[in-house]
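Chains A and B supply the protein sequences, listed in that same order.
Under the numbering used here, the first residue of the first sequence carries the number 3, and numbering increases by one thereafter.
Under the numbering used here, the first residue of the second sequence carries the number 3, and numbering increases by one thereafter.
Hints in this document: simulated from the structure, not taken from any laboratory.
There is no bait here: all hints are sound.
Put simply, identical chains are the same to the list, so a pair is met inside one copy or across any two.
In silico SDA-like cross-links for lysine to any residue, where the CA-CA straight-line distance does not exceed 20 Å:
| no. | residue 1 | residue 2 |
| --- | --- | --- |
| 1 | LYS276 | ASP210 |
| 2 | LYS242 | ASP294 |
| 3 | LYS214 | GLU204 |
| 4 | LYS276 | GLU216 |
| 5 | LYS242 | TYR292 |
| 6 | LYS242 | ALA327 |
| 7 | LYS276 | ASP71 |
| 8 | LYS242 | ARG184 |
| 9 | LYS276 | GLY215 |
| 10 | LYS242 | LEU358 |
| 11 | LYS242 | TYR352 |
| 12 | LYS242 | HIS269 |
| 13 | LYS276 | TYR212 |
| 14 | LYS276 | THR12 |
| 15 | LYS276 | SER111 |
| 16 | LYS214 | GLU119 |
| 17 | LYS276 | ALA213 |
Here the structure is a predicted model, which is why all the values come from computation and not from measurement.
For reference, the chains in residue letters:
There are 2 protein chains.
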Amino acid sequence: MSHELGHVVTEWVVLFTEDDPLVLDSGETIAPVEVAFETYGTLNAAASNAVFICHALTGDAHAAGHHGDPERPGWWDVMIGPGKAVDTDRFFVVTPNLLGGCQGTTGPSSVNPATGEPYGLRFPLFTVADLVRVHRRLARHLGIARLAAAMGGSLGGMQVLQWAIDHPDDLHAGIMVCATARLTAQNIAFSAVAREAIMRDEHFHDGDYYAKGERPEVGLTIARMMAHITYLSEESMREKFGRRIQDALTPRFRFGVDFEVESYLAHQGEAFLKRFDANSYLYLTRVMDYFDPFGDLPVAIARLRDVTTRFLVLSFDTDWRFDTAHSRDVVRVLSSAHVAVTSREIASPYGHDSFLLDLPEYLATVAAFLDRVAQEVGGRAS
Amino acid sequence: MSHELGHVVTEWVVLFTEDDPLVLDSGETIAPVEVAFETYGTLNAAASNAVFICHALTGDAHAAGHHGDPERPGWWDVMIGPGKAVDTDRFFVVTPNLLGGCQGTTGPSSVNPATGEPYGLRFPLFTVADLVRVHRRLARHLGIARLAAAMGGSLGGMQVLQWAIDHPDDLHAGIMVCATARLTAQNIAFSAVAREAIMRDEHFHDGDYYAKGERPEVGLTIARMMAHITYLSEESMREKFGRRIQDALTPRFRFGVDFEVESYLAHQGEAFLKRFDANSYLYLTRVMDYFDPFGDLPVAIARLRDVTTRFLVLSFDTDWRFDTAHSRDVVRVLSSAHVAVTSREIASPYGHDSFLLDLPEYLATVAAFLDRVAQEVGGRAS
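The following block holds chain A by itself, in its conformation from the complex (with noise of 0.2 Å):
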């Protein structure tokens, strides 16, 4: 028996029309809404064995297997797969790249039918609850009422919780890992910085840089290396690359890259432009700051009365960018509405990123929480 996936396609939807368009949260529509997607795995006869999988900020449709090179596996390929802690040989995988994206699904990038031209940043403003309608929409295509889970890390976990909030019956259970229910003025300033670092590059035109056939690449390099340096704790940067100089024993003193963490950063920042679009990046990060399901807190424990999810909160101890008060203030809220949550604090070295890693416990711990859901809901016989 295979442990890999192999060779796996990313799909696309048309989800909603100008008949029949997204309505947001703010009142506004967009139409034509199209969603590139995978799956992995077979749907059982009663639909109840699929697992839906929210990526986080700059993550796409293309979660597990490979497009032809096994050697560039899809982004959660550690999590994902025959005999994996979301087993496909008993769970059919449902993974979307998200409203807002860049990678196949309707965001700024997208031509406007309107005017012919790129939204720009005339794409309307959404929340939370719009990425989770247009993933129910996307479940319902796919001939499922009901999921066996979902899950995500970080942005991912973010779209779980609203989710189960919005409409409790529609999981079966849940699996945020490193997630949170509010962020932080901390948190709120890092992406306040990056998008300011974008919108006043000379190359963003207010958005319409596609027909200058040019692009605002220092504003979302810039954003994109320190991105990274709040995805990894210190102890690990500490670790993997220390005061070590870059391709020498001693410094060659210049402004240039001469340690290997700028050389590191560098080469991220420069990575991140030949896959992400600017736009992309004000708009996923800006859902980010604005996301409050707990925000009127009575009113959410009234509303998670309702919920029959059964929650898995994962945190890891040396996340930084949301840590394990993010989880436990999550935990916290879902039990005084008397929701059924286990919760876990990983230990990891790796900070925010470790929810991409292949790191034993973490995998152990999801994979026996969905072993139980797929026992609950009736998983397809391998």
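We have chain A; now place chain B onto it with these hints.
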């Protein structure tokens, strides 16, 4: 008796000339070197009561008193003045702008006499030891052979440490506040991204922006905004801004400033443009990255055995730019070389910025230490 210094003035002196240039660690030379400085209080007859203030990354010579507007005192006015921790009734205080700076002392924005144009990036890279060379020359110019104390926060404290190592008879006492003997990979990473923001700005022109009548304002603004995140603690940001909306009760859902923390950062970025030069930012952050006086530990300890300086090493419990672990490393090495050192971690919610603030325990600790110094060196009778 007044508790304020009142009106003070900046002075200038040429300390190195073409006949007697500043010879740097690298072997390169700079001439002339002019230094802007201020002094407060009176030097006693034995010239034994001088306290030398070393400023941090963006400080200047104007540490205390005011230049006309009593509402806008110098950057360390809480620390320095009659009856204050650095008591100008007892001590003669000297505070210069750093080599490489942009507030009166020779730096990359100064005219290179060899070309008649500003140095820009042709200004040689220098070390913390080079900063100390200039400080010593200023002290000698003022008739001071041995200082009662040298003191500073952050980069200022790094100069104090280097000074004691390189010139073991110069300092009776040294006060290092939230400083370090070595930046971590994360510390370097933040500065690296800031420099990239400046150097990739289209208006940077490889550092020769002066003649073009423009400056890398976007890059410098982004650098400053990012730095401010690291100067505040998470809790002080939470307390100061939380998730409050600027001038409104509810979010406006937009990309521009909406949260108070965004307004704060934008203001800090803006204000910084008025007073700082982008090239100076490059040089003074890079000098910190390369600082590593304990790099060759046996050599450092052997040299420290000659040091007669008595140290006070302070840190703040919420500082995450240079946390207490940095100070502990300094204390451990000093102690292992039998250098007299007192250390304390001060409780303060304000993060790295604490060293600039009116915190009673902090100021009282410095006052008590300097009181003993005054008794030892013979302060001036007030």
